[in-house]
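A.B. asks: Each chain, letter by letter, is given below.
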Amino acid sequence: MSTHDHYHPPGLQHQFEDMKQQEESVSIGMWAFLVQEIMFFGGLFTAYLVFRSRYPMAFAAGSNHLDAFWGGLNTLVLIVSSLTMALTVYYAQKGNRNMQVILIIATMFFGAVFLGVKAIEYSDKFNHGLVPVAGLNHKSKAEEPAAKEEGKTAAGEKHEPNPRGEFQWTGENYEASVKIITEAHEKKYLTKYEEVGYYSNGELDQNKVRDKVRIFYWIYFVMTGLHALHMIVGLGLMTWLLIMAWRGTYSADYYSPVEISGLYWHFVDIVWIFLFPLLYLLGRHFMHGGGH
Amino acid sequence: MTYITNGFTLKSWLLTKDHKRIALMYLIAVSVFFLLGGLYAAAIRLELLTPQSDLLESGSYNKVFTQHGVIMVFFFLIPAIPAVLGNFFLPIMIGAKDLALPRINLLSWYIYMIGGSLTLYALMQGGVDTGWTFYTPYSTTFSNGYVMAVGLGVFINGFSSILTGLNFIVTVHTMRAPGMTWFRLPLFVWANYATALVMILGTPVVAITILLLALERVGHIGIFDPSIGGDPILYQHLFWFYSHPAVYIMILPSMGVISELISNFSRKKIFGYEFIAFSSIAIAVFGFLVWGHHMFVSGQSMYAGMVFSFLTMVVAVPSAIKMFNWTATLYKGSVSYDTPMLYALGFMGLFLIGGLTGLFLGSMGLNVHLTDTYFIVAHFHYVMVGGTVMGYLGGIHYWWSKMTGKLYSEFWGKISAMLVFVGFNLTFFPQFILGYQGMPRRYAAYPEELQVLNIFSSAGASVLGLGLTLPVMYLTHSLIWGKKAPANPWMLPGLEWRIPSPPPTENFESTPVVTWEAYEFGEENGLDLDEARKRDLATV
Ligand SMILES: [Cu+2]
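If you read the protein sequences in the order shown, they are chains A and B. Residue numbers for the first sequence follow my numbering, so the first one is 1 and each next one is one higher. Residue numbers for the second sequence follow my numbering, so the first one is 293 and each next one is one higher.
What the hints contain is simulated information worked out from the structure, not anything from laboratory work. None of these values were measured; they are calculated from a predicted model. Some clues are possibly wrong.
Using C-beta positions, here's what the derived DEER-type ranges look like [to be verified]:
#1 Leu338/B - Gln206/A: 52 to 58 angstroms
#2 Thr182/A - Val577/B: 44 to 50 angstroms
#3 Thr46/A - Lys775/B: 41 to 47 angstroms
#4 Val589/B - Gly236/A: 22 to 28 angstroms
#5 Gly591/B - Pro163/A: 35 to 41 angstroms
#6 Leu136/A - Val577/B: 52 to 58 angstroms
#7 Pro518/B - Ile270/A: 29 to 35 angstroms
#8 Gly591/B - Ile120/A: 40 to 46 angstroms
#9 Leu399/B - Gln206/A: 31 to 37 angstroms
#10 Gly641/B - Leu136/A: 54 to 60 angstroms
#11 Leu347/B - Ile120/A: 33 to 39 angstroms
#12 Thr433/B - Tyr189/A: 29 to 35 angstroms
#13 Ile79/A - Met405/B: 57 to 63 angstroms
#14 Val589/B - Gly135/A: 47 to 53 angstroms
All C-beta atoms in this analysis are idealised placements derived from N, C-alpha and C, irrespective of residue type, glycine included.
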């Protein structure tokens, strides 16, 4: 293998002729990977589309329990992290080690904030019996209702006992969904799936409504969960970049790892840019007085 | 020093980044799975010798055909040609030292092994009985098998496919040698490129589908269960969105091999190069628009059915384009009937039948009569075995001398190629008739009137089994006792024939500069036709 008669710059892998070929390969590879990612999330977006078009009122009701403030804050956080990421690439090209390190740390900070907020939201769902898998919710007994009445539940909703940690759609949540479903029913807005999906013998069926809201929640958990998983992978990438940048690896001649990690980071942000309105915002007006 | 002699330790294989060594590791792995899938097939054909369910009771029979399907589709047919032959020859054929991402290549092998081992573990623990399609509610509510483990195995294995596809795409874009323009690429490379597109676009969808299946099975959250608002048809849509294109992951690389064989063994430039190249891309694209033809009777809308039926007819066009161009290449060619060419000609016959019966099934009206019968079974075996396996075996024989540096016995090669062809037809042609007469698939028992044809089929399966066992023996034999192969035993112009057999680790001493078109036979390439003929005569 020492038969090469041409110059090999450091960082050039043996299968490539020159740095340009290597950079192109790595970059096309990342783009192809992101195409793959789009198809991966695409299956879930399809499921969202199918079920939302069938049960729009249940989706609106479920969506309204999500906190648009936290969701909006996270959107902002991610957009800022995209900026710091883009600036990292810029300073890597300039070979400015200090700015790279600062900006990567900033990007990681915002990524961590995002995951922290997500954890707050998930634990809220856990406490309210809104995790769609039975047994994965807070288990509360009938004897100790006072324990759940403490001030940490923001909305101050009443809680039914949930000894087995099942998915619950009760109390004020259920009342609110009854209101919009009835209104839509009167105005003949319900889809044909909803007419059989919410009612039994002409009466609203609480269990049936719950099952449809649960569809919204599994979609919410699977989509945001997979997204969060991608964020965690992204933080791993950033840790590695941080070490490499700290050592002063990147320069005008060699920065493609920063560039492709940036591509990945932006992609994960963009997924959230779609998730936020689809999950948090669509259908809000039904419950907030704007729906005419 | 060849790539084989470059290190003899286990570590030098298991940690290799050499695409050729990884290809051999894949070859061994897929062969094991092929053998295993074949044993399940043998069990099926034995059971169907008699009308009663005697050898296997229905429950075990369900497991046997499911596991036959899962192993053959996900662990043999899908990786076979790309991961073995594509891995080995795609870089060489474009004049590169390796794939663009060698570590990713090794990773894909490990992912394949992990997915495969997990599946094997599940099979030993008790297996699955859902059918290879994992339809709900069999897979969610009613199955008693190890659906989770097998599903996870298939899920993991999907990523090896994605990484292979990704690697091929990058490699074809960036690693071509100087002068190797897109339209000088051998058609095997075009075919693998098109396959790679399907791999990265389709496989993630089945991955997420299996993930949802697992969630539904564990959490019962109402994704596919209609009693709580879910939709079983959604499962089928998502599954076939991948699994119809997956047929093209199996058949496109095989078509690439066939293009090589037909042109090279006719010693004639291939007819309609651009048409064959673009038909691969067309198949990859249109293949994504026809999945609903698997669902004509499952409750999708009739109008959707009509569109899918029409598009299914459309997707047959690029396949037909290939068939016509191959035939035109044979015309006035200097055809020699070496073993690889026998497989190629066999492919043309079998794929023709497989493709045309696909049109029967794509017609919505006729489909209602034929769906879920042995007609379907016969059709997709003509495509998957008659197509993919024939191409795979043809390619293995064609490139064996290059991969191993040894010559196999042409005599036994030809015998086994003919046995495979005869045995295959004897096995599967009767199944068209059985299906047309109404014998449903996936049953261990059948009416007595159908026994004669079933005996034909089982007898054919044993001939086919013999035909497939022979290569294992004479190819292995050649590794030790075979004659040493020259660099270019077939006297062909492709880049892979211009380097030693077996190739050195870096493939080329220096980066080649390509100045010729693909399949350019002529004396300026140092290829003397007469000499080639003499060699042909000498080996008969
Ligand atoms: Cu199909």
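A.B. asks: Hints broken by the structure, by number, lowest first?
C.D. replies: 3, 4, 6, 9, 11, 13, 14
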